[in-house]
Amino acid sequence: MATCAGILREKFPQIDEEMFSYINGILESSSEDFENASDVYDAVGDLFLEISENGSDVIQDLCEQLLGILKINSQNGTTEPTKLHTPVQLKDMVDNYVVENAEENASIWLVKKDDLRETVDSKKLEKAEAKIKAKQDKRILKENTTGPQTKSFTDNASVSHTKNRRDAHLEKVGYSQDIHLENIDLAFGDRVLLTGADLMLNYGHRYGLIGRNGVGKTTLLRSLSQRELHVSSHLSILHVEQEVVGNETPALESVLECDVKRTNLIKEEKTLTAQLQSNSQSQSNASCESRLAEVLCIYCIQYIS
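Residue numbers (the UniProt record's numbering): 1 to 305.
Do not rely on the hints blindly, as some may be mistaken.
Ranges between beta-carbon positions, derived for each pair [unchecked claim]: (1) P250 x T271: 20 to 30 Å; (2) T271 x Q60: 35 to 45 Å; (3) V58 x D178: 39 to 49 Å; (4) Q65 x D198: 35 to 45 Å; (5) A274 x R206: 31 to 41 Å; (6) S287 x G246: 40 to 50 Å; (7) V58 x T271: 45 to 55 Å; (8) G6 x E257: 39 to 49 Å; (9) V58 x G246: 13 to 23 Å; (10) E64 x V192: 24 to 34 Å; (11) R227 x V192: 20 to 30 Å; (12) Y303 x E32: 36 to 46 Å.
No wet-lab data here; the hints were simulated from the structure. Virtual Cβ for every residue (Gly too), placed ideally from N, Cα, C.
Throw the hints in and build the complete structure from the sequences for me.
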């Protein structure tokens, strides 16, 4: 019977071992989360495009083939066996676990709950644990009534960070326009993407995320836009997730065009200005001038002040 690993070796014979293990790990760990071929494509499609000269249609067919194999393995209650390169010594794993927990900046995913409560806000932690338990209870109830259910692929990300007291105070008084997040731990499924990371975004600066596909750029942006990472309530976040056809439009202008209300105000301002210039002696100028003043006032209040 065909396996995902066999298909990967067959379709991409030149793939390096690290990339092979990474893609195969995503397929194995998230097999229950894939509802259709599009979910598989979203998870590993970009990686296939990087290591292959084939087009997106061929990659889509490959994702459908992989999905069929994953569904068969799931129905049979078996997972693909993987031969270990070296034997696993349980004693060494225990020793490494103790050493890692002894480090001062150990990951939040590796520490005990009692230690975790000392580094993060206890109320937020309790709320997160209650939310997780509610999801687990809901899933168990669905499985008991309607059979096995698959989870949404986009709901598989977990995130946590330490709240800065100084920023919390500035948020209350509405002074802070910066985003300062400390000790961020970000995971997707059982794969840790960020550990102990700090994010500093200062007002008036432009930033970009650079990295290969699968390292967590989109997951981090989604966490910010959905406010799973704490951002001051008086700051608004516009998250644009769209494939853009390449042209001469600057990146900043492409983002601003997504704000439909702002774009409509600018178009109306240009139209009213043109009418005033062409009908300088018309009696309708008063209404145009009144509407133009109103448009400029709305624009200044919402986008400049």
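The hints, checked one at a time:
The supplied range of 20 to 30 Å is met by P250 and T271, whose beta-carbon atoms lie about 24 Å from each other. The beta-carbon spacing between T271 and Q60, approximately 43 Å, falls within the hinted interval of 35 to 45 Å. At roughly 45 Å, the beta carbons of V58 and D178 sit within the given window of 39 to 49 Å. For Q65 and D198, the Cβ-Cβ distance of about 42 Å falls inside the hinted range of 35 to 45 Å, so the restraint holds.
Judged by the Cβ atoms, the range 31 to 41 Å given for A274 and R206 holds: they are separated by roughly 32 Å. Distance hint check: the CB atoms of S287 and G246 are about 42 Å apart, consistent with the given range 40 to 50 Å. Between V58 and T271 the Cβ separation comes to about 47 Å, which falls inside the hinted range of 45 to 55 Å. Remark: the range hint 39 to 49 Å for G6 to E257 is upheld by a beta-carbon distance near 46 Å.
Between V58 and G246 the Cβ separation comes to about 22 Å, which falls inside the hinted range of 13 to 23 Å. Under the hint 24 to 34 Å, the C-beta atoms of E64 and V192, about 29 Å apart, fit the expected range. For the pair R227 and V192, the beta carbons lie near 22 Å from each other, so the given range of 20 to 30 Å is met. In this structure the supplied range 36 to 46 Å holds for Y303 paired with E32, their Cβ-Cβ distance being about 45 Å.
In summary, this structure violates none of the numbered hints.
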